[in-house]
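J.: So that you can map any letter, position 253 of the sequence shown is 254 in my numbering, and since no number is skipped, the others follow by simple counting.
Some hints here could point you the wrong way.
[To be verified] Within a straight-line C-alpha distance of at most 25 Å, the following computed DSS-like cross-link-like pairs (lysine-lysine) qualify: (1) Lys218 - Lys228; (2) Lys228 - Lys255; (3) Lys211 - Lys228; (4) Lys218 - Lys253; (5) Lys211 - Lys226; (6) Lys215 - Lys259; (7) Lys215 - Lys226; (8) Lys226 - Lys259; (9) Lys228 - Lys259.
[Stated by the list, open to error] Pairwise CB distance ranges (calculated): (10) Pro126 - Gly242: 35 to 43 Å; (11) Gly205 - Phe142: 42 to 50 Å; (12) Thr99 - Pro55: 28 to 36 Å; (13) Glu178 - Ala75: 18 to 26 Å; (14) Gly205 - Asp170: 23 to 31 Å.
For the record, the hints were derived by calculation from the structure and aren't laboratory data. Source: prediction; values computed, not measured. Beta carbons: idealized from backbone N, C-alpha and C, even for Gly.
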Amino acid sequence: MHFGSMASALLLAGGSWAAAQPCVVSLDDDVPDRAIGDAGQFVWFNRFTPDSYPFELSEVWAQFGDNNVHVGDAVDIVIHADVDGDGNPGTGAEHVATYSVRILERGAYKWNKYPINPHLVLPGPGDVLIGLVNRSGREGFRDFPAQLDQTRTQRRSWVASYARGDVPDPPYYPADEQWDRIDAFGYPGNWLIRGVCAGQEPGGCGESAKLSAKCKKGGTRVLGKLKNATPRSAVTFTVDGGAPVPKTTNSKGKASGKWSGLERGPHTVAVCDLETDC
């Protein structure tokens with residue numbers, strides 16, 4: 002098998018956004034640029050390093066491509082813990098849980114949100130690996146389920162396939178066929194997979210928070226930066242009143258939101274009750 006892709010020509014879409022979850026861990030900028038497939042089953046996962054433990058996982062969010070991918074297709078959510086914290090999931094990652102679900106929606110900006118009940122508590126230390134397996138995939142069938150953001154790779158998104166064909170249950174790391182960051186296969190980027198955690202600080206920026214924004218390439222790309230905010234707090238960035246990007250501030254009260262594919266011109270970035278133009 003060989004990983005392939007379907008490129009996407011996308012613009013950011015506006016719309017309303019529900020109240021922020023207690024905590025969201027993510028690598029992406031909310032914008033899928035490409036969909037990846039492997040002509041069979043494979044695993045795609047993100048490596049997250051929580052600011053603190055225990056880490057209580059309450060939901061998993063994912064976007065799926067729409068090329069030979071259908072509502073109702075079977076997917077496994079697979080969770081591994083990599084307590085050695087060396088950045089390499091192939092040197093100690095252990096399977097913790099699998100959740101069998103179905104695709105609810107497909108296509109850009111359509112987040113599938115899967116509750117984890119009861120919540121999964123990971124004691125740490127190290128990394129949490131949140132991944133997906135396309136269980137409706139089969140050898141020779143070219144589906145492209147894995148949505149990839151390629152604005153700026155964080156080199157934390159991995160992919161795995163197995164010599165036996167179908168992904169074993171549970172999947173083990175390292176895989177025995179293809180195994181590496183997705184960057185190594187010519188597609189640098191970040192999977193649109195997120196984790197929602199409970200037990201963090203309530204959402205909000207705090208009284209000392211400051212927001213700045215930069216418009217790049219004529220305004221087609223925008224970066225919003227928040228500092229001096231409440232640490233480990235859920236916040237949601239928007240641009241021009243839409244295109245929400247949920248984030249969690251780090252231990253120093255910093256977070257950022259990024260957008261690409263915007264129309265040229267000035268833009269307004271907002272988070273909490275703060276707004277600024279660029």
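J.: Now, for every hint given, state plainly whether the structure supports it.
T.: Against the structure, the hints:
no.: 1; hint: Lys218 - Lys228; result: holds (24 Å)
no.: 2; hint: Lys228 - Lys255; result: holds (4 Å)
no.: 3; hint: Lys211 - Lys228; result: holds (5 Å)
no.: 4; hint: Lys218 - Lys253; result: violated (29 Å)
no.: 5; hint: Lys211 - Lys226; result: holds (8 Å)
no.: 6; hint: Lys215 - Lys259; result: holds (10 Å)
no.: 7; hint: Lys215 - Lys226; result: holds (9 Å)
no.: 8; hint: Lys226 - Lys259; result: holds (9 Å)
no.: 9; hint: Lys228 - Lys259; result: holds (15 Å)
no.: 10; hint: Pro126 - Gly242: 35 to 43 Å; result: holds (40 Å)
no.: 11; hint: Gly205 - Phe142: 42 to 50 Å; result: holds (46 Å)
no.: 12; hint: Thr99 - Pro55: 28 to 36 Å; result: violated (20 Å)
no.: 13; hint: Glu178 - Ala75: 18 to 26 Å; result: holds (21 Å)
no.: 14; hint: Gly205 - Asp170: 23 to 31 Å; result: violated (41 Å)
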